[in-house]
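A.B. asks: Residue-level listing of the chains:
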Amino acid sequence: MSNLTATEFTTIADIIQKRSGLMLTMDKIYLLETRLTPFARRRGMADYKLLLRDVLANPNDVILTEIIEAMMTNETYFFRDKAPFSNIDEDFLSKFRKQNATEKKLRIWCAACSTGQEPYSLAMMFNEKVVEWQGWSIEILATDISELPLARARAGVYTQFEVQRGLPINLLMKYFTQVDENWKIIPKIASAVKFQKFNLLDSMSGLGCFDLILCRNVLIYFNQAGKIKVLESLERQLNRNGALVLGASEAVFGLLPTLQPSPDLRGFYIRSEPSIASTIAA
Amino acid sequence: MKTCLVVDDSKVIRRVARRILEELQFEIDEAVDGHDAWEQCQSKMPDMVLLDWNMPVMNGFDFLRQLRGSDVPKQPIVVFCTTENDLAHIRAAIDAGANEYIMKPFDREIIEAKLSQVGLI
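Chains A and B are the protein sequences, given in the same order. Position one of the first sequence corresponds to residue 1 (the working numbering), numbered consecutively onward. Position one of the second sequence corresponds to residue 1 (the working numbering), numbered consecutively onward.
Worth flagging that the hints you see were computed from the coordinates, not collected in a lab. Ideal Cβ placement from N, Cα and C applies to all residues, glycine included. Honestly, I wouldn't trust all of these hints.
As the list claims (entries may be wrong) - Taking lysine to aspartate or glutamate and the EDC-like style, the derived pairs with C-alpha atoms no more than 20 angstroms apart in a straight line are:
| id | chain 1 | residue 1 | chain 2 | residue 2 |
| --- | --- | --- | --- | --- |
| 1 | A | 82 | B | 109 |
| 2 | A | 174 | B | 95 |
| 3 | A | 18 | A | 147 |
| 4 | B | 104 | A | 147 |
| 5 | B | 104 | A | 180 |
| 6 | A | 184 | B | 112 |
| 7 | A | 174 | B | 86 |
| 8 | A | 82 | B | 95 |
Said to hold, decoys possible - Computed list of chain B residues with no C-beta within reach of chain A, every gap over 12 angstroms:
| id | residue |
| --- | --- |
| 9 | 1 |
| 10 | 30 |
| 11 | 62 |
| 12 | 69 |
| 13 | 118 |
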């Protein structure tokens, strides 16, 4: 089977980018091969090139969606990078709790949750401080563009390898039950998170406003235009005194005009003005 | 440089653990069972013990109880590293004073994550 032509590659890369934001350059052609070959074989085709040529000749929404899902990077683990969680817990939320002591409402959005370790880490974090959060309404919304990782997130079942990446052993003992070789999150934590399929390129207004949005290590896969579009949308969904948390190494200099980078907390961007969305709603 | 005593009756496991821990800037000593480990701790206490459970002469659990019951001036961090992967064993180990627990098989990523949990890296 001959290699993909530059035109074929550009066409498929454009489709993937328009539908998901994922930027695919020619040097990443190996990603098409490694991620789409298993999918092509499941559909009875010898390799990924046949699959792509077939979908280009006969565009099919279902297959395109599955191709895009297969191209996504679902790397995540419990309490990933550690520092953002301690910063959320010890700094941001302790201030937030004082500032909003009357209303006692907190909305959090994990904007690309993959298999669910990030929102479940937050739910465990809240449960560890159950006395401080008594009487509060805490909503954790977790979204992802791909159905397959979301199904795993909803099931809340993780391998031995997955629970050993970032999860302290005392939390494993407290919040998981053993199911054969795997570990299942307990209903109390599972029920604290609402999972929903969502594409970051779609309108976010239906999701409402949030006090904390985590969108870590996602925008690195977007081109500049896609990054700006998503960041502008995320800004609109943030409440006053709310924070957007990005990956520590994600460069967004000048892209967040209404959010201030926190001087102390790396990757945190704080809104000091009322949100645009809530202003419009009022 | 921090020191780690790798306690395992398997030469292969000791070698793999040594390689990973040396890459993480640890100075390594090895012991073949709990008794050997206890003797080495009395002459030179490491910062950390990476401890197998099932070993001849003295198993890891008995070593841990002896260590935690002793009046050594500075207790090391103890991380179990074992094929005993059920909740009952994990609970027993933590109750006996283990700081963390690694379920075999392990790789560098898991060791690194667990050492980060206990503040050693």
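A.B. asks: Determine for every hint whether it applies to the structure shown.
C.D. replies: Results for each hint:
| no. | hint | result |
| --- | --- | --- |
| 1 | A:82 with B:109 | holds, 14 angstroms |
| 2 | A:174 with B:95 | holds, 13 angstroms |
| 3 | A:18 with A:147 | holds, 18 angstroms |
| 4 | B:104 with A:147 | violated, 31 angstroms |
| 5 | B:104 with A:180 | holds, 15 angstroms |
| 6 | A:184 with B:112 | violated, 23 angstroms |
| 7 | A:174 with B:86 | holds, 14 angstroms |
| 8 | A:82 with B:95 | violated, 25 angstroms |
| 9 | 1 | holds, 23 angstroms |
| 10 | 30 | holds, 23 angstroms |
| 11 | 62 | holds, 20 angstroms |
| 12 | 69 | holds, 21 angstroms |
| 13 | 118 | violated, 9 angstroms |
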